[in-house]
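Novice: Sequence:
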Amino acid sequence: MSQPDRLQVPELEEAAELLSADPGASTLSLASSGPAGSTRVDLEDEDDFGQESSELLGGEKQTSGFWTFEYYQSFFNVDTVQVLDRIKGSVMPLPGRNFIRHHIRNNPDLYGPFWICATLVFSVAISGNLSTFLSEQGDPRYHYRPQFHKVSIAAVVVFLYAWLVPLAMWGFLTWRQGTERQTGGYSFLETVCVYGYSLFIYIPTSVLWIIPFEWLRWLLIVVAMVISGSVLVITFWPVVCDDTKAAAFTTVAIIMLLHALLAIGCKLYFFQTAVHAVPVIPTAAPNRTTATQQDH
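Residue 122 in the working numbering is what sits at position 113 of the sequence shown, and the numbering runs on without skipping anything.
The set of hints was computed from the structure by calculation and includes no laboratory data. Treat the hints with caution; some may be incorrect.
Claimed, not checked - Okay, derived cross-link-like pairs now, DSBU-like style, lysine-lysine, Cα gap no bigger than 35 angstroms in a straight line:
1. K97 to K159
2. K254 to K97
3. K97 to K276
4. K276 to K159
5. K276 to K254
What the hints assert, rightly or not - Have a look at the derived ranges for each label pair, beta carbon to beta carbon:
6. W246 to R150: 51 to 61 angstroms
7. T259 to L173: 13 to 23 angstroms
8. A127 to E79: 21 to 31 angstroms
9. T259 to S161: 18 to 28 angstroms
10. P221 to F131: 17 to 27 angstroms
11. R150 to Q82: 51 to 61 angstroms
12. A262 to W184: 13 to 23 angstroms
13. K254 to V92: 50 to 60 angstroms
14. D94 to S196: 13 to 23 angstroms
15. L93 to Q281: 28 to 38 angstroms
16. K254 to F142: 48 to 58 angstroms
Yeah, the Cβ is synthetic: ideal placement off N, Cα and C, and Gly gets one too.
Whenever a hint applies, use it, and build me the whole structure from the sequences.
Specialist: Here is the structure:
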């Protein structure tokens with residue numbers, strides 16, 4: 010034979026003609042190159058489709074600028090089940106169950122902390138007004154006046170605590186840990202989240218403070234501080250335990266001290282115990298003039 014026979018496949022030739030006419034078609038084409046020949050699969054359409062899909066999926070996870078509404082909307086992307094689970098975890102701290110690792114799970118929110126702080130502001134202010142009214146009710150000189158200024162004071166105290174203390178804690182941990190923070194630390198939003206949820210226990214506590222028994226109020230303060238403080242200590246101890254013992258225990262002590270100051274300060278300012286002064290009735294001195302005259 011003078012030259013090798015070429016294998017003619019009509020279907021392949023027809024496909025090659027269609028592909029040359031429309032390069033964008035999703036057709037498999039086989040073309041021989043070189044003596045041995047090679048097979049080329051044209052998957053341009055599949056690549057384009059995969060690129061478009063990845064762009065669509067990636068667009069959902071892209072972070073918007075901080076000046077856009079979508080940026081802040083992501084901080085409130087939680088449902089009722091998640092919020093209730095986090096509230097339950099804040100009032101039932103268990104040893105070894107880190108609040109951030111077991112309840113937040115890399116999805117911190119501001120929805121729960123915001124409404125917890127707002128509810129705490131009104132519960133403290135309203136309960137404080139009712140407590141003052143009940144304690145002064147027996148005094149005839151007392152005239153009830155709504156103390157609306159206490160709402161503003163409670164709002165300033167609670168929201169400053171819920172934002173400035175986490176900011177200071179996050180900055181301190183970032184400074185202490187340095188580059189190791191990227192592996193074992195918490196973000197600022199996670200720190201705000203755990204502090205916000207830890208304040209939930211003070212809402213029912215402030216309502217129970219209306220009961221006019223001073224010993225019961227202080228007992229409720231101690232119980233609330235232990236429960237709420239345990240959430241913070243269990244959460245932040247794994248982060249600070251690798252530091253020196255002095256720094257670790259000092260950090261935990263400061264966390265508990267600031268938490269105690271918030272509770273005790275609210276108790277002393279909003280739930281003051283009224284002290285009624287007992288009026289002293291002057292007694293007339295006995296008249297000894299008559300008895301003296303009779304003796305003479």
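Novice: Each of the hints needs a verdict: does it hold here or not?
Specialist: Right, here's what the structure says about each hint:
This hinted pair checks out: K97 and K159 have alpha carbons roughly 29 angstroms apart, not beyond 35 angstroms. A C-alpha spacing of about 31 angstroms is found between K254 and K97, which places the hinted pair at or below 35 angstroms, so the restraint holds. Proposed proximity of K97 and K276 is supported: the alpha carbons are some 24 angstroms apart, at most 35 angstroms. At most 35 angstroms may separate the alpha-carbon atoms for a hinted pair to count; K276 and K159 meet this at roughly 13 angstroms.
With a C-alpha separation of about 33 angstroms, the suggested pairing of K276 with K254 holds against the 35 angstroms cut-off. The hinted range of 51 to 61 angstroms is satisfied by W246 and R150, whose Cβ atoms lie roughly 52 angstroms apart. Take T259 and L173: their Cβ atoms lie about 19 angstroms apart, and the range 13 to 23 angstroms holds. The hinted window of 21 to 31 angstroms between A127 and E79 holds, with their beta carbons roughly 23 angstroms apart.
Checking the proposed 18 to 28 angstroms range against T259 and S161 shows it is violated: the Cβ atoms sit about 34 angstroms from each other. With their beta carbons about 21 angstroms apart, P221 and F131 fall inside the hinted range of 17 to 27 angstroms. As the Cβ distance of R150 to Q82 is approximately 54 angstroms, the hint placing it in 51 to 61 angstroms holds. With their beta carbons about 18 angstroms apart, A262 and W184 fall inside the hinted range of 13 to 23 angstroms.
At about 37 angstroms, the CB distance of K254 to V92 disagrees with the hint of 50 to 60 angstroms. Hint check: D94 to S196, Cβ distance near 20 angstroms, so the stated range 13 to 23 angstroms holds. Between L93 and Q281 the beta carbon distance is about 34 angstroms. The supplied range of 28 to 38 angstroms therefore holds. Against the hinted window of 48 to 58 angstroms, the Cβ-Cβ separation of K254 and F142 comes to about 50 angstroms, which satisfies the hint.
Of the numbered hints given earlier, the model fails hints 9 and 13; all others are met.
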